[in-house]
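Enquirer: Protein chains in written order, with full-length UniProt numbering: chain A, 1 to 334; chain B, 1 to 389.
Everything labelled a hint here was simulated from the structure, so no lab data went into it. Watch out, some of these pointers could steer you wrong.
[As the list claims (entries may be wrong)] With the Cβ distance kept under 7 angstroms, some of the chain A side facing chain B (calculated, not the full set):
#, residue
1, Gly242
2, Ala246
3, Gln247
4, Leu285
5, Cys289
6, His294
7, Asp302
We treat Cβ as the ideally placed atom computed from N, Cα and C, and that holds for glycine.
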Amino acid sequence: MFRRERSIPLRGSAAALCNNLSVLQLPVHNLTHFGVVHGPSAQLVSAAPEGVPLAQRQLHAKERAGVSLPLITQVHWCVLPFRILLVLTSHRGIQMYESDGSVMVYWHALDSGDASPVQAVFARGIASSGHFICVGTWSGRVLVFDVPAKGPNIVLSEELAGHLTSVTDIASEHAQEQDCIADMVTADDSGLLCVWRSGPEFKLLTRIPGFGAPCTSVQLWQGIVAAGYGNGQLCLYEASTGTLHAQINAHARAICALDLAPMVGKLLSAAEDTFVHIWKLNRNLKNGCIEVEHCHGECVPDTQVCGARFCDPSGSSLAVTGYDLAEILRFSSV
Amino acid sequence: MSMRTLPLLFLNLGGEMLYILDQRLRAQNIPGDKARRDEWTEVDRKRVLHDIISTMFNKNFIEELFKPQELYSKKALRTIYDRLAHASIMRLNQASMDKLYDLMTMALKYQVLLCPRPKDVLLVTFNHLDAIKGFIRDNPALVHLVDETSQQLIEAYGGLSAGEFQLIRQTLLTFFQDLHIRVSIFLKDKVQNSNGRFVLPVSGPVPWETEVPGLIRMFDHKGKEVKRTEFRHGGNYIAALKEGSFELYGDRVLKLGTNMYSANRPVETHTSGASKNLASQSQQSIAPNPLAKEELNFLAKLMGGMEIRKPSGPEPGFRLNLFTTDEEEEQAALTRPEELPHEVVNIQATQDQQRNQELARIMGEFEVTDQPRWSASKGDDLLAMMDEL
Numbered sequence: 001m002f003r004r005e006r007s008i009p010l011r012g013s014a015a016a017l018c019n020n021l022s023v024l025q026l027p028v029h030n031l032t033h034f035g036v037v038h039g040p041s042a043q044l045v046s047a048a049p050e051g052v053p054l055a056q057r058q059l060h061a062k063e064r065a066g067v068s069l070p071l072i073t074q075v076h077w078c079v080l081p082f083r084i085l086l087v088l089t090s091h092r093g094i095q096m097y098e099s100d101g102s103v104m105v106y107w108h109a110l111d112s113g114d115a116s117p118v119q120a121v122f123a124r125g126i127a128s129s130g131h132f133i134c135v136g137t138w139s140g141r142v143l144v145f146d147v148p149a150k151g152p153n154i155v156l157s158e159e160l161a162g163h164l165t166s167v168t169d170i171a172s173e174h175a176q177e178q179d180c181i182a183d184m185v186t187a188d189d190s191g192l193l194c195v196w197r198s199g200p201e202f203k204l205l206t207r208i209p210g211f212g213a214p215c216t217s218v219q220l221w222q223g224i225v226a227a228g229y230g231n232g233q234l235c236l237y238e239a240s241t242g243t244l245h246a247q248i249n250a251h252a253r254a255i256c257a258l259d260l261a262p263m264v265g266k267l268l269s270a271a272e273d274t275f276v277h278i279w280k281l282n283r284n285l286k287n288g289c290i291e292v293e294h295c296h297g298e299c300v301p302d303t304q305v306c307g308a309r310f311c312d313p314s315g316s317s318l319a320v321t322g323y324d325l326a327e328i329l330r331f332s333s334v
Numbered sequence: 001m002s003m004r005t006l007p008l009l010f011l012n013l014g015g016e017m018l019y020i021l022d023q024r025l026r027a028q029n030i031p032g033d034k035a036r037r038d039e040w041t042e043v044d045r046k047r048v049l050h051d052i053i054s055t056m057f058n059k060n061f062i063e064e065l066f067k068p069q070e071l072y073s074k075k076a077l078r079t080i081y082d083r084l085a086h087a088s089i090m091r092l093n094q095a096s097m098d099k100l101y102d103l104m105t106m107a108l109k110y111q112v113l114l115c116p117r118p119k120d121v122l123l124v125t126f127n128h129l130d131a132i133k134g135f136i137r138d139n140p141a142l143v144h145l146v147d148e149t150s151q152q153l154i155e156a157y158g159g160l161s162a163g164e165f166q167l168i169r170q171t172l173l174t175f176f177q178d179l180h181i182r183v184s185i186f187l188k189d190k191v192q193n194s195n196g197r198f199v200l201p202v203s204g205p206v207p208w209e210t211e212v213p214g215l216i217r218m219f220d221h222k223g224k225e226v227k228r229t230e231f232r233h234g235g236n237y238i239a240a241l242k243e244g245s246f247e248l249y250g251d252r253v254l255k256l257g258t259n260m261y262s263a264n265r266p267v268e269t270h271t272s273g274a275s276k277n278l279a280s281q282s283q284q285s286i287a288p289n290p291l292a293k294e295e296l297n298f299l300a301k302l303m304g305g306m307e308i309r310k311p312s313g314p315e316p317g318f319r320l321n322l323f324t325t326d327e328e329e330e331q332a333a334l335t336r337p338e339e340l341p342h343e344v345v346n347i348q349a350t351q352d353q354q355r356n357q358e359l360a361r362i363m364g365e366f367e368v369t370d371q372p373r374w375s376a377s378k379g380d381d382l383l384a385m386m387d388e389l
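Bound conformation, chain B alone (with noise of 0.2 angstroms):
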């Protein structure tokens, strides 16, 4: 419904997945100096994040990003993740890339539907992006980078008013509707119920301009206060401590939004949620589907932006596993639902015919291929590191 809603529901989805990708990869981190060729390192870990952030926060990114337009579906959204997630040299098979969907999404759905106040999503955002500097901090361009964006932001977001943060909102959780995967690490801090739907609190401060509930002020014709009752609402709310910050830097006061992961805490998500989820998407397309072509287009745009440095020379790429074991992975892509046919979509014919042989490039490589692409050397050796976990 709203038209500005992509750039909020990209970076934080994308900061989402640096959280998840970052623990993972610390969760498997070998000391420089005893790693094999063939293991995950703390330098690899950071050139991970470094290559993703990067691609990220490409300036001509950016700039299709922010242009108004209406939201993506879900499955053209993971696309972009898909080509983001192999911006370095990591490699996610499909059932890995599934799982890291999952919880980016689930956890940003609980972000979205918690914020006090719909034009909190943007402390939210500002909580990632800050996040996001930090794990690039020794990079001054790429910070300078991700400040350009938060700047955007400001520009973009800062003026607008309640009613129009809430049309964001109500976009936003259209998006995410009907998600009700379960995720150990909410089910676990019980934020989410065993049926896969968030915890509301009735309790704790208010949204920042709303007043504790419970007074009735009753006034005459002349606008002199005449009554004064209280009424028990059933909530235990206490008033809003203090304001976040919309500012560059700042204190942003709520936590939705900041790292919840760290390395102690394993990332798993339970899958039989996922293919209910699935299920009820593909009822929704049973109907023939005549926004695919366009949708994919104004994607292809989008992704024309995005610059992808391909892993060149004799480098293998690095897989990585969002489960705990190899075997569980394997399970996992064994139960995968069917996926719906990939097309190849044909790109119109655009007046820019160089752009339009780029975008041709680019949505060629969408072609869906099943085979998991990994490389057999640091592939192998992780099996037997999952193990110990």
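Chain A extracted, bound-state conformation (with noise of 0.2 angstroms):
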């Protein structure tokens, strides 16, 4: 059961856009960051544990002379070994700033090149791994940053090939054991997902095809692959082979927000029906298998739900954001 808890104003309310919030918690520092984008400009919010909110900063994607601020279209920390960055895509390009936005690090423009008139350009998926983060862009093509310990040096390393359509979400992990080599997973607006492995150069394992609707929202655990999808459908995946192993009619609308509480295999997925689920993944110790169960879901009255986490480790708080509203709304468990 969940309660709900205090809310934490926004500023302008959530865009109606996929993984709309991104959440860094600092225990160390008793506080938790909060990252959400309004439109042409993000939000973000501090918030002290009762969610009292202590600092808030807005950011702006970058513009060109004479035209209209670009829309944002995500905004999220990238937790990297030795620093926290947080990151801004837009239909501009990619911004990279400390983790409290007050400095920005690095930018880099989109190339349209080739793209037609009557194809929009953006990036849109961001995910650390290792040292690097990884960006999606409107072509399928992956930008691969490696970013030194500290210092504005980032560059641009590589670009993966992998997908033919608009990148929508990336997720990593850390690849723990040895046979646990995947360790990151794209997906896009036809609903592929490419699994890699990460280094110096990264490695194409495998593609799992869509089936139409887009995949709006990914997370890898334990060499699981959950995906969401446009049409409310939630699947679990082998990483390293890319066989289906759950397939769940979760959400009436298109899922918008995955979320993973890793340290206890609970996964939360949010949709535009208004609902957030919480799952719980394990895999059978006997024969490999993977297998979840549902835990529980809470109703978001009138809500179209745009982004979804989990605010500490342990899966038993989480935060979430609806179009059109002006506010976090915090909840946490009984």
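Starting from the two chains in their separate frames, assemble the complex, guided by the hints.
Expert: Take a look at the structure:
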């Protein structure tokens, strides 16, 4: 069971994007950072444990002279071995900041070279993998940036080809065990998933085809790919082989966000149908099969949810954003 | 974000505008033989609708509309409807035009938000076009013009993927973000809450190509199903019944986008929501807007394709009031928040000198005069009629 906790007010409402909430947990400082995209601006809010808002900052996408402010597609904190960077993607390019958003350390303009006039050009999908930050683009290409331990000398080291339609989301995890070599998965508008192994050169391990619906959000946990789709389905795959292990008719509308509490194997799914569901993943030790059970469902009345995240590693609290809603809703389990 | 959104936005908003004007004109309908020279008749109503529809579906205009371009701001788009609403003998003063635009945008916001699938916004558009054809069904040339636009829609959108439709939907929702004007007809039907937000039902048929939530299937390495469980989703959904038709003619199945106004239901809005809305808009435009000039350039190009026949000769414009009484309209005009100052924008010289002159002429007409442009004759007696409603 979850109960509503105190909401965190936002200066601007959340935009109707997928994966529109990023959370950076800083237990050492007793702080949680939240990032939400409003439209041409993104909002960062820091809050104390009880949800008391402490600090606020607005970021904008870099503009071209004489044209309107470009829209931001996503804002996401990337935790790297020696630093944390805040990444902001827009219709112009990719901006990277220090974790509190105070200083921009890197800017990459998108190349719209071979885009047709009817094609929207943007970057979308952000994840860190080791000391790399990977960002997806409208063309399907995934840009890999090599990030030094400190300073602004960030370098575009590779462009991954694997997708033919716009990237929607990227997820990664530390490849802990020897067998678990897949440590990044990218998703796109056609529903295709690409599973990668990171390294000085990223290697494409397997592709998991879609079935017509876009894959809007993706997570990776212990070699299990969790993918949410535009038709409300949630699927679990074996990352190394691409085998489908579970198919859940999870929501009645498009799934817009997935998040993991990796310590306990909890997965949350949020969708435009106003529901947030919590699932428990595990591997059957006897046969190695992936199993999933439903833990809890929460309805956020009359709210088209657009972002949802766990707020602590044990998955006992979560935060939710909704289209047109100028606050971050918080829940904690009882 | 998506470059394909403007035709959908324009056609659907235009459709809503026609529904509202039709209902309002019908409500003031006086039988032809009993009407005085200065009263609205059935003939007048048909003429207004005909004039607006023929302007909306003008070939040059539609051609410009379908070119890939970014969405305009709400303010910029409003100027198109200002002109469209005055494409005929009808005149609306600013307060009534505000109200009309509020109703149009809230109705479309509702329809887009409640579309089961992103692709269903196309069905909403077809519903509007089907109804528009109904308004002018005795004019085959005009019906043909609308059909041509429908055909263009099918060609432009028929082959798009679900992912591309999702981007279109997100772009439309960005346009409608932060609009919470309360509309009486929505409040009465309980599709809108008193805080201005729409009710999102958690029951009814799921979208086409979506399964009813509740089933979990698990498979082994070989793909064989090994376990099946169910979970309580929390909603009360049933399977989708059938898919709407995306052809020129057909059963659209979806009711969103059909005419929700009937002659008996008065068209009202509460305007308290409107001032809040404009306040948040003006907050957004505090930063100097370098867009304004470029956006207006695009707009002028679009409007260049719009042929407006000005009322010529001695015939005065007929005034239409969107409010219940003229006093209400005057009151609304007084409490209307200060508009941001309009500037005359100089169009940059283009290679086509003639086209440039035409555009400059159109842009010159955009200079805002706050004087309501109404003629005395039909206006004054409308006042008397309003009191009877």
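Enquirer: Hint by hint, note whether the structure agrees.
Expert: Hints versus structure:
1. Gly242: Not OK, violated: A:Gly242 not within 7 angstroms of chain B, min 11 angstroms.
2. Ala246: Because about 5 angstroms separates A:Ala246 from the closest Cβ in chain B, which is inside the 7 angstroms limit, the hint holds.
3. Gln247: Interface hint status for A:Gln247: holds (5 angstroms vs cutoff 7 angstroms).
4. Leu285: 14 angstroms, violated
5. Cys289: Holds - the Cβ of A:Cys289 comes within 7 angstroms of chain B, reaching about 6 angstroms at its closest.
6. His294: With Cβ-Cβ at 4 angstroms, under 7 angstroms, it holds.
7. Asp302: 5 angstroms, holds
Of the numbered hints stated above, those contradicted by the structure are hints 1, 4, listed in ascending order.
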